[in-house]
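Colleague: One letter stands for each residue in the lines below.
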Amino acid sequence: MTGHDVLVVVLLVAVLVGIVPVVAGLVQYLLVPVHAFRNHLGAAGLYLPRVVVVVPAWNEGAVLGASLERLMRLEYPPDRLRVYVVDDASTDDTPDVVLAKAEQYPGRIVHLRRAQGGQGKAHTLNHGIVHALADDWMQALLIMDADVIYRPDSLRRMVRHLADPEVGAVTAFIREGSGKPGTVSRFIGYEYVTAQAAARRAQNVIGAMACLAGGAQLHARANLEAVGGQIDTTTLAEDTYTTFLTQLGGRRVVFEPAAVVLAEEPDSVVALWKQRVRWARGNVQITRRFSGVWFRRPFSTRGAGHRLSSLTFGGIWFSIYLLPVAMTLAAAGLVGLYFVDPDAARTAFASAWWIAVVAYVFITVSTLLLDRDTARRSWLQGILFPGIGALVVMLAAWVPGLWEERVPDLFGWQLSEGGIEAMTLVFYSWTVLAMLAAWLVRAVERLPGGRWPSRALLYVVGFGPVLCAITLDAYAKQWQGASTQWDKTEKTGRVVG
Amino acid sequence: MVDDVPDPCSDDEVRAEIRANARAERALVGIFLVAAAATAAVLVLLGLGS
Numbered sequence: 001m002t003g004h005d006v007l008v009v010v011l012l013v014a015v016l017v018g019i020v021p022v023v024a025g026l027v028q029y030l031l032v033p034v035h036a037f038r039n040h041l042g043a044a045g046l047y048l049p050r051v052v053v054v055v056p057a058w059n060e061g062a063v064l065g066a067s068l069e070r071l072m073r074l075e076y077p078p079d080r081l082r083v084y085v086v087d088d089a090s091t092d093d094t095p096d097v098v099l100a101k102a103e104q105y106p107g108r109i110v111h112l113r114r115a116q117g118g119q120g121k122a123h124t125l126n127h128g129i130v131h132a133l134a135d136d137w138m139q140a141l142l143i144m145d146a147d148v149i150y151r152p153d154s155l156r157r158m159v160r161h162l163a164d165p166e167v168g169a170v171t172a173f174i175r176e177g178s179g180k181p182g183t184v185s186r187f188i189g190y191e192y193v194t195a196q197a198a199a200r201r202a203q204n205v206i207g208a209m210a211c212l213a214g215g216a217q218l219h220a221r222a223n224l225e226a227v228g229g230q231i232d233t234t235t236l237a238e239d240t241y242t243t244f245l246t247q248l249g250g251r252r253v254v255f256e257p258a259a260v261v262l263a264e265e266p267d268s269v270v271a272l273w274k275q276r277v278r279w280a281r282g283n284v285q286i287t288r289r290f291s292g293v294w295f296r297r298p299f300s301t302r303g304a305g306h307r308l309s310s311l312t313f314g315g316i317w318f319s320i321y322l323l324p325v326a327m328t329l330a331a332a333g334l335v336g337l338y339f340v341d342p343d344a345a346r347t348a349f350a351s352a353w354w355i356a357v358v359a360y361v362f363i364t365v366s367t368l369l370l371d372r373d374t375a376r377r378s379w380l381q382g383i384l385f386p387g388i389g390a391l392v393v394m395l396a397a398w399v400p401g402l403w404e405e406r407v408p409d410l411f412g413w414q415l416s417e418g419g420i421e422a423m424t425l426v427f428y429s430w431t432v433l434a435m436l437a438a439w440l441v442r443a444v445e446r447l448p449g450g451r452w453p454s455r456a457l458l459y460v461v462g463f464g465p466v467l468c469a470i471t472l473d474a475y476a477k478q479w480q481g482a483s484t485q486w487d488k489t490e491k492t493g494r495v496v497g
Numbered sequence: 001m002v003d004d005v006p007d008p009c010s011d012d013e014v015r016a017e018i019r020a021n022a023r024a025e026r027a028l029v030g031i032f033l034v035a036a037a038a039t040a041a042v043l044v045l046l047g048l049g050s
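Chains as they are written, first to last, in this note's numbering: chain Z, 1 to 497; chain G, 1 to 50.
For reference, chain Z alone in the conformation it holds in the complex (with noise of 0.2 Å):
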């Protein structure tokens, strides 16, 4: 084997690595049709504990009225029925909001504040928690957000799962409610049927849970004491924390798909970022937290109580955690072969995009099908969520020619070699080159008047490729050793329930 051999074997490697993610969305995809004989409703059954509802609100008081009263209008008994809204010394009018729904609800809703607040959402919980935990009333404990609406019928769908004494901790489908999304929201809607619809169906397959959403986390008293009775502090994580404890600690999460809670998202690339940011380093300091748990045992299926350190469930979460390296292997490996070798280059830029055109398909058809009514409003952003520009490489694996030839030859053009060389270049570097846009989008977004002209870049460069290059932001963050403060996403109600 020659020098030449050895580094196109290299290149290629590097290709095949950038596949792996798209495979593995694949696999996760394919996961979801087995959710209909292999779910947790079997062992569901009637069970109504005592549940305190833990909400964590700083400056919450445009939101906190509606989802209080939502609350209030659950389809739970009454008297079983406790929420305590920890007001983390608020500088709005989040007390008086409090307080006057307190005065309506006697008993039913009860105020505490933080004299000092600002140490973020984990302290904040864990002040109502330890209230919580004070006397035996409590059954079970449900956190969420204080923007988040609850279904009527969504707690109780939850907690049937309690029934069956393995199960520590249940989450819900935390869907997009804005009354009048905008583009980013519209995407972000999308987004978490893949992420939560889709992901956690294929995850209760699995037997492992990588995050109970945290709008949306119901444990059982039992789980809670044996995780510490309080959230962990010291990640910006702190609901993957939890359920990493709980499964660790032998119990099952399970995600209840029908219980439908609705959430106000970001609706610019700024707040998402920032958003973001937070989760994606949060989920880099559980992945070194955890170091001991990946892996361990690929193929069990049974014992030792958790399926974390599984195959499937690591091959999942390394996807996605290694998602922005992935892509920049993959384009590494291309251009670099377009120089050693054009027709090796040829062949895995046609065979590494006709998996992605199998994928995006595949995934899009069954994302738009399982919530018809995020389907109804951002269809346009599932079609889209690639990226234009991705859509225009899918076409220039699939039909060899077409930009470069076919397409001018309409308008009676013809490109030149350099021409087609740089459009060559380009098509191979695509995967990098939409995340470096991705800062451009940002940026475009901060000018005055930036708003639409961002907006349409969004769409050519692909939400997809904004949350890799949010990734890779978290990943330069937390290497430079930044602040690990809590940074709160604003909140106005815009969520319609």
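Everything labelled a hint here was simulated from the structure, so no lab data went into it. Predicted model, so just to flag it, every value in this text is computed and none were measured. Even for Gly, the Cβ is constructed at its ideal location relative to N, Cα and C. All clues stand as given, with none of them false.
What follows is a set of in silico ranges between Cβ atoms, one per label pair, in the way DEER data are often shown:
1) G:Leu45 - Z:Lys180: 32 to 42 Å
2) Z:Gln414 - G:Val29: 44 to 54 Å
3) G:Ala41 - Z:Glu69: 45 to 55 Å
4) Z:Pro400 - G:Ala37: 22 to 32 Å
5) Z:Arg50 - G:Val29: 32 to 42 Å
6) G:Gly30 - Z:Arg50: 38 to 48 Å
We have chain Z; now place chain G onto it with these hints.
Modeller: Below, chain G alone, put in the same frame as chain Z:
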């Protein structure tokens, strides 16, 4: 006159809801079949175009 509204938290209603949700989950198989068919159709179309 007020109609009798069944208590959604009664034993019968909870069990009926669990059964209904389990039936609804079976629609996932149909979704899979439609998505698989759509994927095959797109592959054929792209194959014809190339």
